[in-house]
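**Student:** All chains, full assembly: derive it from the sequences and hints.
Protein chains in written order, with the working numbering: chain A, 18 to 336; chain B, 556 to 737.
Calculated from the structure, these hints are not laboratory results. Just so you know, these numbers come straight off a predicted model, no measurement behind them. Idealized CB from N, CA, C, for every residue including glycine. Heads up, a few of these hints could be off.
[Claimed, not checked] So, partial list: chain B residues that the calculated Cβ filter (under 7 Å) puts toward chain A:
1. ARG578
2. PHE609
3. THR625
4. THR692
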Amino acid sequence: MFTENKLEALLQSLDGEDLETLTAAGVDVSADEKTTRRLTERVLRQAERKGEVPMEKIQNKKRFTAILVAAILLVLTATGVGAARLFRLPLDYEKVEEQFSLKLSDNFKRVVREDEAEDGDIIVANKTVNVNGYTVTLEGIIQADNYRNVTIDGEHLEGDVSGTYAVVTVTRDDGGPIWYGDDEKSFTGATIGAAPLVNGYKPNINTYGMMTLERETGITMHYAEENVLYLFVDITDFLCFADKGLSLAVYGNMIYTAEEIGLDENGVPVFTDKARAPLAIFGLPVDKSLADPARQAELIAERPFVLAESLPYTFTPTD
Amino acid sequence: MDRSDLLALLRLDPEKGIEAIIRAYGALAQKTVRQTGGDALCEEDREEIVSDVFYRVYVSRDRLDESKGTLASYVITLSRRCAIDRLRTKTRRGGEALPLEDAVLPSPEDAETAVLKKEARQRLVSAVIALGEPDATIVFRRFYFAQSYAEIGLKLGLTENAVTKRCRRALEKLRRSLREGE
Numbered sequence: 018m019f020t021e022n023k024l025e026a027l028l029q030s031l032d033g034e035d036l037e038t039l040t041a042a043g044v045d046v047s048a049d050e051k052t053t054r055r056l057t058e059r060v061l062r063q064a065e066r067k068g069e070v071p072m073e074k075i076q077n078k079k080r081f082t083a084i085l086v087a088a089i090l091l092v093l094t095a096t097g098v099g100a101a102r103l104f105r106l107p108l109d110y111e112k113v114e115e116q117f118s119l120k121l122s123d124n125f126k127r128v129v130r131e132d133e134a135e136d137g138d139i140i141v142a143n144k145t146v147n148v149n150g151y152t153v154t155l156e157g158i159i160q161a162d163n164y165r166n167v168t169i170d171g172e173h174l175e176g177d178v179s180g181t182y183a184v185v186t187v188t189r190d191d192g193g194p195i196w197y198g199d200d201e202k203s204f205t206g207a208t209i210g211a212a213p214l215v216n217g218y219k220p221n222i223n224t225y226g227m228m229t230l231e232r233e234t235g236i237t238m239h240y241a242e243e244n245v246l247y248l249f250v251d252i253t254d255f256l257c258f259a260d261k262g263l264s265l266a267v268y269g270n271m272i273y274t275a276e277e278i279g280l281d282e283n284g285v286p287v288f289t290d291k292a293r294a295p296l297a298i299f300g301l302p303v304d305k306s307l308a309d310p311a312r313q314a315e316l317i318a319e320r321p322f323v324l325a326e327s328l329p330y331t332f333t334p335t336d
Numbered sequence: 556m557d558r559s560d561l562l563a564l565l566r567l568d569p570e571k572g573i574e575a576i577i578r579a580y581g582a583l584a585q586k587t588v589r590q591t592g593g594d595a596l597c598e599e600d601r602e603e604i605v606s607d608v609f610y611r612v613y614v615s616r617d618r619l620d621e622s623k624g625t626l627a628s629y630v631i632t633l634s635r636r637c638a639i640d641r642l643r644t645k646t647r648r649g650g651e652a653l654p655l656e657d658a659v660l661p662s663p664e665d666a667e668t669a670v671l672k673k674e675a676r677q678r679l680v681s682a683v684i685a686l687g688e689p690d691a692t693i694v695f696r697r698f699y700f701a702q703s704y705a706e707i708g709l710k711l712g713l714t715e716n717a718v719t720k721r722c723r724r725a726l727e728k729l730r731r732s733l734r735e736g737e
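**Tutor:** Structure follows, in structure tokens:
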């Protein structure tokens, strides 16, 4: 009789080579991120105490991370790749939760749940995923019209911001702070990013190419409040691809490499086993009638796919 | 990252390398230490031992010889050895006599499975892989790491209920698959 106990006993007999075979085949035996971070820090401190690693290096680690993030952003911005530019929501606004519920409804049109949707509505998803010690929720999609007082790195952005945003919240399951930086409201400490993806297209196209460069937005806005990280991801220029299906990748890095996201057999984006800190990929519930094939062709023809050549994937739509 | 690259990364950039190795083998080390030490080791002991295991990997990075076995085998062996050392130390310190044999020696059932022939193990590995993802990971985490359905769900982004159902179905599939292979 093949019982659960028997299976447990059989599995315990596997040796290191068997385990490597399983992991090579994609079985995930990895430790969670929280454990990894805790143990790594402990090992490095132990090494430092025993003279194996200079303390200065450890102390500089957080600072280095912040600088690295800033440098990546600077490079991306300087090269015209707007995808990873980060905006901060204005601090003079009331809590962002209230913006979700759109009590401050002057600038936002309320979105409705899928089951309440009528023609023309933009709908919310309210999907939650618990992964790697984080709870990630796709709160929904909002339409921002003439959104004023947006700041970028503390500098006021001239003009109004309008667009369609996917809204995601992220919390740590242990209730800890969602930022690693000193300044709770500063994006420099954030290690969580998000990117909209068009189903069927390789991720570098989605991330670096399809983002429109002339838009002031087209980016992710971050905001943290009471250990909740809010991400507002501009999907405005992705809406014309609504017929292909849109997804939103949320990951524990400021930016991912193209090899970390692949496509499943249906062309739906999935994290690959190379993903360093995958959190969730949500399907975005957008109205297919927003599709605009002419605009799709225009975007594909006009966008400078600046990083395509340096990344493993090329522009190869699957359909 | 390919597992074969882990040692190369460890040598090239020890800090990043050890983090990658801990991510890849941390759960394995935790499980081995827990299994070896049993209840004789408290949570803090286990954490220290696992940390010690990876510290040893870190400092011996230039001496590790990949031709003599996989990194997983090395982590398992080191974890067992470190756990046994800790149990011995605790015993020597004059505390209560620890049930060392019970904790360290394999049970009769373990001994029986320890002689499972390599082909049988390979058949089991193939059957688990054939479950496909995420079922293979669910079964492995449930029956190798002894993780709860909730823990597995958290790791894989699935609800506890979904994990429970998938696990039940996968187990049945595995049962059929192994029966056919006999």
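**Student:** Now tell me, hint by hint, if it's right for this structure.
**Tutor:** We went through each hint and held it up to the structure:
| no. | hint | in the structure |
| --- | --- | --- |
| 1 | ARG578 | holds, 4 Å |
| 2 | PHE609 | holds, 5 Å |
| 3 | THR625 | holds, 4 Å |
| 4 | THR692 | holds, 4 Å |
When held up to the earlier numbered hints, the structure conflicts with none and fits them all.
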